[in-house]
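Peer 1: Protein chains in written order, with the numbering used here: chain D, 726 to 839; chain W, 431 to 542.
Simulated from the structure, these hints should not be mistaken for laboratory data.
Glycine is no exception: its CB is placed at the ideal position from the N, C-alpha and C atoms.
Don't take each hint at face value.
Said to hold, decoys possible - Among chain W residues calculated to face chain D with C-beta under 8 Å, some are: (1) Tyr461; (2) Asn523; (3) Ala527; (4) Arg528; (5) Phe532.
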Amino acid sequence: DTAVSQTPKYLVTQMGNDKSIKCEQNLGHDTMYWYKQDSKKFLKIMFSYNNKELIINETVPNRFSPKSPDKAHLNLHINSLELGDSAVYFCASSHLAGVGNEQFFGPGTRLTVL
Amino acid sequence: KQEVTQIPAALSVPEGENLVLNCSFTDSAIYNLQWFRQDPGKGLTSLLLIQSSQREQTSGRLNASLDKSSGRSTLYIAASQPGDSATYLCAVNSGSARQLTFGSGTQLTVLP
Numbered sequence: 726d727t728a729v730s731q732t733p734k735y736l737v738t739q740m741g742n743d744k745s746i747k748c749e750q751n752l753g754h755d756t757m758y759w760y761k762q763d764s765k766k767f768l769k770i771m772f773s774y775n776n777k778e779l780i781i782n783e784t785v786p787n788r789f790s791p792k793s794p795d796k797a798h799l800n801l802h803i804n805s806l807e808l809g810d811s812a813v814y815f816c817a818s819s820h821l822a823g824v825g826n827e828q829f830f831g832p833g834t835r836l837t838v839l
Numbered sequence: 431k432q433e434v435t436q437i438p439a440a441l442s443v444p445e446g447e448n449l450v451l452n453c454s455f456t457d458s459a460i461y462n463l464q465w466f467r468q469d470p471g472k473g474l475t476s477l478l479l480i481q482s483s484q485r486e487q488t489s490g491r492l493n494a495s496l497d498k499s500s501g502r503s504t505l506y507i508a509a510s511q512p513g514d515s516a517t518y519l520c521a522v523n524s525g526s527a528r529q530l531t532f533g534s535g536t537q538l539t540v541l542p
């Protein structure tokens with residue numbers, strides 16, 4: 726059973742398009758995250774949702790809009806894609822107040838903007 | 431703002447050697463620290479999680495230590511194998527959202 730899954734795994738698109746990445750976790754966690762790994766392999770937090778509510782929004786362009794329809798899902802919609810958006814996007818989940826608060830990561834979505 | 435630094439950026443060792451990877455962080459108000467492994471083009475595999483109240487954690491040939499007051503953690507790999515070749519990432523859990531702040535990683539190559 727996949728704990729944290731993301732679709733698609735690869736996404737190639739033209740500049741200016743709008744695209745979405747989906748994330749689902751079956752761990753019963755109450756908190757989900759989006760991280761971005763840039764071309765230099767540096768990972769940085771983008772958003773965090775706890776019980777469907779936004780609890781952190783780092784300095785991310787408002788072209789990025791996360792949506793959490795329920796606790797098990799956190800989708801990322803990106804409008805007007807730019808070349809600099811090319812990166813690997815990782816979804817993660819955890820139990821915010823649980824013992825350990827270990828974060829589990831999805832396999833990543835490699836986005837290439839042409 | 432939490433900042434995490436990993437040294438060295440890259441390390442190449444012959445098979446069988448014991449090695450130490452270093453991680454330092456600027457804000458000691460952390461919940462825990464996680465060590466991850468990332469293979470090229472792959473996702474993150476969690477190796478060890480150390481709670482802020484703990485000093486070390488062990489899993490097989492891996493041992494991670496934490497000195498919260500000095501803002502340091504080390505990952506010790508015993509008897510390294512070529513299969514250990516990967517990028518090792520240190521991540522500190524802090525802040526109101528308990529988000530992870532990552533270091534830039536140590537790229538390890540174990541030569542047969």
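Peer 1: Would you mind marking each hint as holding or not holding in the structure?
Peer 2: Outcome of the hint check:
A cut of 8 Å between beta carbons decides the hint on W/Tyr461: the least distance to chain D is about 6 Å, and the hint holds. About 6 Å separates the beta-carbon of W/Asn523 from the nearest beta-carbon of chain D, less than 8 Å, and the hint is met. Taking 8 Å as the C-beta cut-off, the interface hint given for W/Ala527 holds, the closest approach to chain D being about 4 Å. Taking 8 Å as the C-beta cut-off, the interface hint given for W/Arg528 holds, the closest approach to chain D being about 5 Å.
A cut of 8 Å between beta carbons decides the hint on W/Phe532: the least distance to chain D is about 4 Å, and the hint holds.
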